[in-house]
Structures are given as structure tokens and as C-alpha cells.
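Protein chains: 2
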Amino acid sequence: MTHHQDNTMPDIDSYSLSRRTVRRYSPEEVPAELIYRLLEEASHAPTTGNMQLYSVIVTRDDEGKKALAPMHFNQPQVTGCSAVLTFCVDLNRFVRWCEVNDAVPGFDNLQSLMYGILDTALFAQQFNTLAEMHGLGCCYLGTTTFTAPDIAKALNLPERVIPLTTITIGYPDGESAASDRLPIDAIIHEGSYSQYSDLDIRRIYAEKEALEESRRFIEENAKQTLAQVYADVRYPRSNNETFSAILAEFIKDFLPRKQ
Amino acid sequence: MTHHQDNTMPDIDSYSLSRRTVRRYSPEEVPAELIYRLLEEASHAPTTGNMQLYSVIVTRDDEGKKALAPMHFNQPQVTGCSAVLTFCVDLNRFVRWCEVNDAVPGFDNLQSLMYGILDTALFAQQFNTLAEMHGLGCCYLGTTTFTAPDIAKALNLPERVIPLTTITIGYPDGESAASDRLPIDAIIHEGSYSQYSDLDIRRIYAEKEALEESRRFIEENAKQTLAQVYADVRYPRSNNETFSAILAEFIKDFLPRKQ
Chain A
1107 MTHHQDNTMP DIDSYSLSRR TVRRYSPEEV PAELIYRLLE EASHAPTTGN MQLYSVIVTR
1167 DDEGKKALAP MHFNQPQVTG CSAVLTFCVD LNRFVRWCEV NDAVPGFDNL QSLMYGILDT
1227 ALFAQQFNTL AEMHGLGCCY LGTTTFTAPD IAKALNLPER VIPLTTITIG YPDGESAASD
1287 RLPIDAIIHE GSYSQYSDLD IRRIYAEKEA LEESRRFIEE NAKQTLAQVY ADVRYPRSNN
1347 ETFSAILAEF IKDFLPRKQ
Chain B
1107 MTHHQDNTMP DIDSYSLSRR TVRRYSPEEV PAELIYRLLE EASHAPTTGN MQLYSVIVTR
1167 DDEGKKALAP MHFNQPQVTG CSAVLTFCVD LNRFVRWCEV NDAVPGFDNL QSLMYGILDT
1227 ALFAQQFNTL AEMHGLGCCY LGTTTFTAPD IAKALNLPER VIPLTTITIG YPDGESAASD
1287 RLPIDAIIHE GSYSQYSDLD IRRIYAEKEA LEESRRFIEE NAKQTLAQVY ADVRYPRSNN
1347 ETFSAILAEF IKDFLPRKQ
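In order, the protein sequence lines correspond to chains A and B.
Per my numbering, numbering of the first sequence is gapless, rising by one per residue and ending at 1365.
Per my numbering, numbering of the second sequence is gapless, rising by one per residue and ending at 1365.
For the record, the hints were derived by calculation from the structure and aren't laboratory data.
Be a bit skeptical, because a hint or two may be false.
Intra- or inter-copy, both count: the list cannot distinguish identical chains.
[Stated by the list, open to error] Below, in silico cross-link-like pairs of lysine to aspartate or glutamate (EDC-like), each with a Cα-Cα straight-line distance of 16 angstroms or less: (1) K1329 to E1205; (2) K1171 to E1296; (3) K1171 to E1135; (4) K1314 to D1168; (5) K1259 to E1355; (6) K1329 to D1208.
Since we're looking at a predicted model, the values are computed, not measured.
Put together the whole structure using the sequences plus the hints.
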């Protein structure tokens, strides 16, 4: 079966509405040349002042994937995928360029970090979209910022290179379900922001809360509402604060010294 | 001339390699329904735990665009475009959802901010790609984080809503040039990060430095190297630090209290 010969997109709209995260992959390898070509195309995504403040570490060997797995809480897609792509904010290359060219950069601050975060996120998302359009299955790993110092060590990242997000890729194994989304008018504000009334909130989240899956989450976690599942179980304060402290220490050169 | 009837994409690869930023637009309006449809499609971009921690403020009237223009340093595309889309990290809607559902969120920390930043950047980039594929011209405005508090005031943003980036859209007026990009092997690291030698740096940036435009920048700014133009003129330490202080104050609830 040939997966990657067809570069035509019959219908952008139906792609974008039906796209889904793919966590289970067939054993077939994604050719390195396809990964490189997609990364090259993705590098044409918009970037701050054309600085391209990012790097990507491509992990294709089993050894490397096994080493990264615990940093992603052993989610099975890390060892089960064809390649793990760790997208990093990279201020190092820019600073090195300045050093070689008698320039003195002032990039040890919050805005410079923001340039890099946006550049990296846009690059990663462009890759994700192009890969999906080429028939690959992709999954973002939000664990990347939780364990950034460990990932940096595993991937030999120098100073000023910060793991931001990770995408696992492979050819999809079976079907995946598309995720639900809030009604679009919940996201869009015309002209200026309208604060949500209690009634708005109930309406916006009604469909999500009514999903079979949501009701199962509530029951399994012995909660009363889906919001409690999110606030107490999936993204509890204790985890958010623990991982924030780790990340803050890791990126401290870019954060304000005192407040 | 009908711009937006053709949803087929003849060749993804040639789109992605030739895409370009468009700063000049024809007077023709982009229909609101097209903007909404593209935003709806973009909302299917990946999002942290399916939380969709973003909102977008759509500014289509001249009054609104004029009000935003100074916050984007009066770049002409702000008043010259058909619509200004301000993409915001939105932790407010999630917190309101918790409030209405007897849940207590712990989202006043760095990781929560990162969830929101990634969600918002991925949503914005998915919109940008889909809009470009539909023949619209788009331009990101990096000024958004420089003047975040002023934009928040102009757009009536409540607490926990942070302007992250802005995209101006319209039908392209004339041709735009594609930006140069670094050779892709400068971005990709196989297995682990390889630090750049001086020679690597010279090779990676050689093509960019040799561009007619780069040489003009150096001459106009009376500098010796292109890196000096970036470090001294385009992104000088003084600006980076000034705008970092403004942003840090604005998002202080999400940053560590002391270090």
C-alpha cells in the first residue's frame, strides 16, 4: 500500500472539519525523506521577523523513543509511533549567529521567549497540518513542558533551547474518533469581548457535557460535573503548580527577576 | 471575480513552499460568513485536553480598525485590511465554566498560561493556513504582545484573557514576495542536538546574508553585518526589555511570584 504518493487535496473544508488526533500507528515506517520534506514545507510557516527561532529533534530509533517515553508519562504512542518530533524554542542558533557576526543580542527576556514560542508553535502546527493532509496520523504531547529539563538533557539541548511541544507520527492503525468542539459562536467575539453569563456557559458546554464520554468521565471519577473532572482530576492545581515550578526554574533567564 | 468558490487544493506541497505573507489588500470585503466558516474549521486544530483555551475578536468596521492601528504601530495593513483578527489566550471561559459547575480551577500559573498559548497559536495558525488555501492574504502582527494591555482595553477583554497574536486578512492586492528560509538541515537535529560551529553558522546564514535585501538593510542602517541589523535595529535589547516589562506586568498572575 502506498501512502504518500497523492499530494492533491480534494476538499480542504472536509479535511479541516474531520481531522483527528491519531494515537495508534501501523508498524510501517514513515520514510525519513517524507519527514524531512514535510518539515521543509512547514518551515515556510510565518515566523517573527523571519528569524525562525526553533529547532526540531527527530527521534526515529527505538532506543531514543524508549528514552523519551517516561518524560511523556509512558503514553504508548511514544514507543508505538514511527517518529517522535520534539519542537523546541531555539534562541541558541540566533545568538550563535550574532556571536559570529560581531552583534550583541538582547534576547534574554520575556518578549524574546514569546517570539520563540510563537515561531515554534506555528512551525509545529504547519507540520501537523501538512502531515495529516499527506495521510499521516499525528498526536501532540502536552507533557513536553512538564518535563522540559529532562527532555533537554535526553536530547542534549544547549542553553537557550527549550522543548515546547512534541508530535508523534505514523501511519494510522484503524479509525480514530474526531473530538467534539464548542459551538463556534462561543469562541468568536464581534468587535469586542462579551462576558459569558451563566446561561451562556450552560448553553456553550451543553453538547460537550451531554456526550456519552463525558458522562462516563464523571461517573468513573465519582464527580458531579464535567468541569470538576477537569479541575480536580485532569488538570488539578497541584499538578499545574508542580510543573509550573519546574518550568519556571528551567526558563528563569527569560522571566522577570522579581515582581 | 469570485474568490472563494474553489475549495480544491491542486497541490499541497506547492502551496506550502510558496506561501507568503500578504500586507496589501484589495478593497473587496471578505464576507463575514467566510471568516466564520474558516474560524469554525480552524477550531478543529489540536487543543490541550480539548479545552480550547482561546477566543478571537473579529474587527471588521473602520472605527474598530482605526482604534487598533496605533497598538500595532500604525502598520498600514491594520486599516487597509478587510478584517483584523485578534487571537487571545482565554482562561476566562474555562474558569466561568468551573464557577457555574461547582468546580475550583487551579489555572493561575505558568503551565496553564502555556496551555492557553499553545492552544491559541495552533488555532491561529490553522486559521492562517486555511485562509491562505482559500485564496485570502494574511499577515501576522507581532506587535500584539508589545501592547497587550492597550489591546485588552480596546477590545474590552476581561481578566484572564490575553491578546497573543493578530492576523489581518483580505484579498491580495498584487504580488507579494515569499520570504527566504534557512536550509532545512539547519533546523533539524537527528537524535540529539548538535551545537553549531562557527563554520556551520556561516554556511547556514550564507544565502540569507547574500540577499539583495539583506545588503540593503546593512547599508541603510550603516552596520557591518546582517546580525547587527537584527540585534541593534530590528530587535534591540532596549525594545525587548521595555515590552517585556509591560507584558510581565500584564500576565503577572500567571508568572512565578519570586525567583
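How the hints compare with the structure:
{"no.": "1", "hint": "K1329 to E1205", "result": "between (56 angstroms within a copy, 15 angstroms between copies)"}
{"no.": "2", "hint": "K1171 to E1296", "result": "between (45 angstroms within a copy, 12 angstroms between copies)"}
{"no.": "3", "hint": "K1171 to E1135", "result": "within (14 angstroms within a copy, 49 angstroms between copies)"}
{"no.": "4", "hint": "K1314 to D1168", "result": "neither (38 angstroms within a copy, 37 angstroms between copies)"}
{"no.": "5", "hint": "K1259 to E1355", "result": "within (15 angstroms within a copy, 32 angstroms between copies)"}
{"no.": "6", "hint": "K1329 to D1208", "result": "between (60 angstroms within a copy, 10 angstroms between copies)"}
Checked against the numbered hints above, the structure violates only hint 4.
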